[in-house]
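Student: In case you want the letters, here they are:
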Amino acid sequence: MKAKQGELKVMTGNSAAAYGAMLCRPDVVASYPITPQTEVVEQLSRFHADGVLTAEMIEVEGENSAMNAVAAATLAGGRAFTATSSWGLVYMYDAVLQAAGFRAPVVMANVNRETPGILAVSSGQQDMIQTRDAGWIQVVVENSQEILDTIIMAFRLAEDYDIQLPVMVNYDGFYISYLAEGVRIPAREDVDQFLSVLKTQPQRTIMDPTRPIGAGSHGLMTEFMELRYKHCAAMDRAKKKFDEIDKDYGDFFGRSYGGQIEEYRTEDADFVILTSGSAVGTSRTVVDAKRAEGVKVGLIKLRMFRPFPQEKLIKAIKGKKAVGVIDRSVNFGWNCGPLYSELRALTPEIGNIPMLSFIDGLASIDITKPHIERVIDDIANAAKGKPYQAVTWIPLEERD
Amino acid sequence: MAVKKFSSKYEAAWSDADQLLLCLDTGTWRTKRPVVDKEKCTYCGLCAIYCPPQCMITRKDFFEPNLSFCKGCGICAKECPRAAIVMLPEGDFTS
Amino acid sequence: MKEIRFHGRGGQGAVLAARMLAISCVAEGKCVASFPMYGFERRGAPVVAFTRFDDKPIMEKTQIYNPDCLVVIDPGLLKLPTLFTGLNPNGILILNSSKIFDKQPNENLKLAGVVNATQIAVEEVGRDVPNTCLLGAFAAVTGWVGLKSVMASVGEYFSGDVLKKNLRCVERGYNEVKVTKWQ
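Residue numbers (the working numbering), protein chains in the order written: chain S, 1 to 400; chain B, 1 to 95; chain A, 1 to 183.
Just so you know, the hints here were simulated from the structure itself, not pulled from any lab data. From a predicted model like this one, the values you see are computed outputs, not experimental measurements. The hints are all genuine.
Here are the simulated distance ranges between beta carbons:
hint	chain 1	residue 1	chain 2	residue 2	range
1	A	Q104	S	G333	50 to 60 angstroms
2	A	Y65	B	S8	19 to 29 angstroms
3	A	M1	S	I353	29 to 39 angstroms
Computed cross-link-like contacts, EDC-like style, restricted to lysine to aspartate or glutamate with a CA-CA straight-line distance of at most 20 angstroms:
hint	chain 1	residue 1	chain 2	residue 2
4	A	K99	B	D92
5	B	K5	S	D400
6	S	K369	A	E60
7	S	K9	A	E28
8	A	K56	S	D288
For every residue, glycine included, the Cβ atom is placed at its ideal position computed from N, Cα and C.
Only chain S is shown next, with the shape it has when bound in the complex:
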């Protein structure tokens, strides 16, 4: 049985996030506006005013309250959604950590924007990177349709009995949040059906007055370690689960995205680029152009960032002559891109091939086709054994 095709509507990434959340019938929504996410809150409010969304809309005075509210709602057995960006994500940080430790299956849309330290109302992935150790599942998407679909999949993943972890769906501010594209809106009944499998699973532990539990107890020594262990194990299980959910989604709705990663023209590639978010879209067109010139380059789209898709990446990159990573953020302590430094940890399994870090797209700087052409040329040279620069800050070199 297949889902209906769904109405086609031109909408922005933010609007798609609101639609995705609305279709999943959350019980509680608590969200505070911040550029470039504000439209998500506005659209959800519009849905609520029109009676399309019957959630309890909690008007919070800040993001910290928003996360506390939604995490608590899920611990009471409800479904909850929120959205934020950069400064808002920072403001809710302690609650973000609590949500993960409490195993609260919140779904949050995070619209990637540069974090405090240098005031910027512009896109960058530093907020996602800075939150990588919070214990959340994190995915990154490429366009408006994928936002809508991935949010539905996120609820399915977060609330799964084997997982019970909060999920953050990241998308680039400005370049995707404000990007209007044609988006298919799944029918409500079909989303209900897709999520209905959760009802067949055992009831997860929730706060129920008829069956009282203590939640948020102190963790002591080995008991503490045991809980961390279980958290890490659940995160590890999320990899395979995400792939399965993506496949189910594809079988039912007709759209799937590859799960943890998507490989584009990598099978016979000599070398590959690894990147995430909007840069993937542009990279596809440059890879096609280079392929037409006879350059055997491939592209890997990183979708799941936490947990890090080690096995998939090893399989995709092992045997290639070089790999370059385009990061839209920085890893301060390693003076390179963060996704790059995480990939480097897999060197023993991948093999000692040239790995190049490219930092681009900070502060809404456009990652253009010429930038990606340069990336491909640099990796190609490294693949041929020529000397190469380990870390390149593309816009700064271009300016000079």
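With chain S fixed as given, assemble chains B and A onto it according to the hints.
Tutor: Using the frame of chain S, we list chains B and A on its own:
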């Protein structure tokens, strides 16, 4: 690593405020500009006092806006007791 | 694929115009991608909006550097030094202005459609909201999208009396735009 030339001398997002506090080309934000009728102007100075970015320049017996910074808010025209200032579309001044 | 770049100021409806064009294209079965780039989000600040359309899904997420068509909503923006940079040969310009060109402003610009959208908007709607009129002019000059589709897209954002007035703007833009061609 490779980056050797920098556009700022500072290590962080600091700026030198002792010369000009205005480091943005706010004059390009204008859609209307104030035009002062020198005959009507009595040099009372109310426009200069009310101007939010303080960009009214004194010209001995009349005032005129510093067009590098004037954002075209129109407060000067509204406050002028002699109606000596009119706001005209910026497009009229472009060829 | 066609790439169209809109230049306006915050409050003139550049972003909305780019979005309405995207909706018109989707109504005609095309794939689209449209987004704005602002500096400071305030009235009067320069705004650029990008719309791409094609028969297949659009992958690139960059700004538009080689437009096939420029839509300039504020005539003051003609003095932007980078306005025509990267304009494709056989480039088209749709301009809100009371004056037509006496000479070709750029060698790649082969077609210019000029209409006093401000005046038309003030006459029909009572305010300087030139965007819908320019969309009508766009449809007439480029022929890339039909007048009916443009009018339907406007209907997604307005209703009642305001819609009727804006639809008149679209039609007047379509009918009253003055076209200049260069070799």
